[in-house]
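**Student:** Each chain is listed here by its residues.
There are 2 protein chains.
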Amino acid sequence: MELSIIKIGGNIIDDEAKLSSFLDAFAKVKGKKILVHGGGKLATKVAEGLGVQQQMVDGRRITDAETLKIVTMVYAGTINKNIVAQLQARRCEAIGLTGADGNAILSHKRTNASLDYGFVGDVDQVNSSLLTSMLLLDKTLVFAPITHDGKGQLLNTNADTIAQELARALSMTFTVSLVYSFEKAGVLMDAEDESSVIPTISPTSYAELKEKKVIFAGMIPKLDNAFAALKSGVGKVIIGKAEELPQLLAGTSGTTILHE
Amino acid sequence: MELSIIKIGGNIIDDEAKLSSFLDAFAKVKGKKILVHGGGKLATKVAEGLGVQQQMVDGRRITDAETLKIVTMVYAGTINKNIVAQLQARRCEAIGLTGADGNAILSHKRTNASLDYGFVGDVDQVNSSLLTSMLLLDKTLVFAPITHDGKGQLLNTNADTIAQELARALSMTFTVSLVYSFEKAGVLMDAEDESSVIPTISPTSYAELKEKKVIFAGMIPKLDNAFAALKSGVGKVIIGKAEELPQLLAGTSGTTILHE
Chain A
74 MELSIIKIGG NIIDDEAKLS SFLDAFAKVK GKKILVHGGG KLATKVAEGL GVQQQMVDGR
134 RITDAETLKI VTMVYAGTIN KNIVAQLQAR RCEAIGLTGA DGNAILSHKR TNASLDYGFV
194 GDVDQVNSSL LTSMLLLDKT LVFAPITHDG KGQLLNTNAD TIAQELARAL SMTFTVSLVY
254 SFEKAGVLMD AEDESSVIPT ISPTSYAELK EKKVIFAGMI PKLDNAFAAL KSGVGKVIIG
314 KAEELPQLLA GTSGTTILHE
Chain B
74 MELSIIKIGG NIIDDEAKLS SFLDAFAKVK GKKILVHGGG KLATKVAEGL GVQQQMVDGR
134 RITDAETLKI VTMVYAGTIN KNIVAQLQAR RCEAIGLTGA DGNAILSHKR TNASLDYGFV
194 GDVDQVNSSL LTSMLLLDKT LVFAPITHDG KGQLLNTNAD TIAQELARAL SMTFTVSLVY
254 SFEKAGVLMD AEDESSVIPT ISPTSYAELK EKKVIFAGMI PKLDNAFAAL KSGVGKVIIG
314 KAEELPQLLA GTSGTTILHE
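Chains A and B are the protein sequences, given in the same order.
Each residue of the first sequence is one higher than the last, beginning at 74 in the numbering used here.
Each residue of the second sequence is one higher than the last, beginning at 74 in the numbering used here.
One chain only, chain A, in its complex shape (with noise of 0.2 Å):
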């Protein structure tokens, strides 16, 4: 059976129209699917008008327990439920949820020697079976980037890796297209120009591409992850913009990430 998995960025959830022309797209995509979001704008004004301060570090938002707080209101609230309500509208039958609902994602705080990240987890463990059976109920899931670890304590987890940790573990029971969108076109081979797309990547061809140095630095970790979710058992992983979700999924736009 497929199941497609899709992860949208805060790109598409910040805009109110790319969004909801979006969700018309999800709502028509055959067979069972599962959404996953991230966090968006919301989250960094929420917490500018609370006085929360975001500490970064390289880049990375540091969750204190105030932070904790406000990305549980803005992920798992505000943004999930808004989704829910809107695919509910597209007949479809989404249910919201977080890795602490029905225990469906099972993380640790990240611990590291050199730097605390704060309330973040890293994923230890999938509840295929709870979620498997939702699926077969016919509904639609919609996670928020937030898990737990067991004993009481939510965790900010980033979606990108929710995505992928939800694929491969429902690799066992379906056949799995991930779809991770997200600005740019595709894997370009001009970082410049969005007609660069290269349609197809196998193993043999990322290889090729490394050594030519032809592919941008930045979407290298994207692509190491992606063949990882190929190796332990996902169909297909395609990378491209989220307006474009029919021809993601029909290989005619975006590039699709193939076992070989």
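Hints listed in this document are in silico derivations from the structure and should not be mistaken for laboratory results.
Some hints here could point you the wrong way.
The list makes no distinction among identical chains, and a pair is therefore deemed to hold if it is satisfied within one copy or across any two copies.
Quick list of in silico lysine-lysine cross-link-like pairs, BS3-like style, CA-CA up to 25 Å [as the list claims (entries may be wrong)]:
| no. | residue 1 | residue 2 |
| --- | --- | --- |
| 1 | K283 | K304 |
| 2 | K101 | K224 |
| 3 | K103 | K224 |
| 4 | K285 | K103 |
| 5 | K304 | K91 |
| 6 | K286 | K114 |
| 7 | K304 | K114 |
| 8 | K91 | K224 |
| 9 | K91 | K103 |
| 10 | K103 | K286 |
| 11 | K304 | K286 |
| 12 | K309 | K114 |
Assemble chain B onto chain A, guided by the hints.
**Tutor:** Chain B only, in chain A's frame:
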């Protein structure tokens, strides 16, 4: 099959120690169960922090667009997900929901010729087939007092009403005990004397109590609602302190409202 539906109010939610000991007791309740939580003072605090003016008319909060954002954040985000994580820590398989999730509770925006309550929902329909499926999967459901209109609009909805509508709808499938917890020990003969709890009330004794004006006027709407719930199939309604949950369910504390 037995189902307990338990509504807790703001006095428990605002007090970390009380909430924690309530959740200890709730996690131990045997059989299928649903928790419905209200709001507490956090929404007011966040609104103040963000400079959103709270409009109150006749003691009721008017839910304008900004207030709706805040109650969605606080009720469906912070409060709901923290309760879920804490129940998980107690090995209680909880899933947090709003009425939008899985189209669980459909409502319509309240219209009133004399007063515009804003984004406030009156319940139309409970999706009992979904909720039954989840309860049969041994999930405990935790409801935030937010519903939706099926057209993409979230709506702020009274938690007492949500508990009652869930009880009514699920009485088709389960033998439902509906517990309303509040500050007092139960329905009192003397509003000033916590030891004057009336242990059981039936329609006959209710008529007598009302005639003798023994019942505190403020309790009458709650009791009328309780009798309406019984008429629509709910097994029993119990009113008392959340701190005494096991005793309430055992009938050794609080007031139990019975068919006769």
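**Student:** Between the shortest in-copy and the shortest cross-copy C-alpha distance, which are at most 25 Å for K304 and K286: within, between, both, or neither?
**Tutor:** within (23 Å within a copy, 74 Å between copies)
**Student:** Treating 25 Å as the Cα threshold, decide for K103 and K224: within, between, both or neither.
**Tutor:** between (37 Å within a copy, 21 Å between copies)
**Student:** Between K283 and K304, at a C-alpha cutoff of 25 Å, which is it: within one copy, between copies, both, or neither?
**Tutor:** within (19 Å within a copy, 72 Å between copies)
**Student:** Regarding K304 and K114, is the shortest C-alpha distance of 25 Å or less found within a copy, between copies, in both, or in neither?
**Tutor:** Answer is neither: 34 Å inside a copy and 49 Å across each miss the 25 Å cutoff.
**Student:** Since the copies are identical, ignore which copy is meant and state whether K103 and K286 lie within 25 Å (CA to CA) inside a copy, between copies, both or neither.
**Tutor:** neither (38 Å within a copy, 62 Å between copies)
**Student:** For K91 vs K224, is the C-alpha pair at or below 25 Å within one copy, between two copies, both, or neither?
**Tutor:** between (38 Å within a copy, 18 Å between copies)
**Student:** At 25 Å max between alpha carbons, let me know whether K101 reaches K224 within a copy, between copies, both or neither.
**Tutor:** between (38 Å within a copy, 17 Å between copies)
**Student:** Measure nothing new, just compare the shortest in-copy and cross-copy C-alpha distances for K286 and K114 to 25 Å and report within, between, both or neither.
**Tutor:** Intra 33 Å, inter 57 Å, cutoff 25 Å: neither.
**Student:** Within a copy, between copies, both or neither: where do K91 and K103 come within 25 Å Cα-Cα?
**Tutor:** The answer is within: 21 Å in one copy meets 25 Å, while 46 Å across copies does not.
**Student:** State whether the alpha carbon distance between K309 and K114 is at most 25 Å within one copy, between copies, both, or neither.
**Tutor:** So K309 and K114 fail the 25 Å test inside a copy (30 Å) and across (47 Å) alike.
**Student:** Under a CA distance limit of 25 Å, which applies to K285 and K103: within one copy, between copies, both, or neither?
**Tutor:** neither (38 Å within a copy, 64 Å between copies)
**Student:** Which holds for K304 with K91 at a C-alpha limit of 25 Å: within a copy, between copies, both or neither?
**Tutor:** Answer is neither: 33 Å inside a copy and 48 Å across each miss the 25 Å cutoff.
Checked against the numbered hints given earlier, this structure breaks hints 4, 5, 6, 7, 10, 12; the rest are met.
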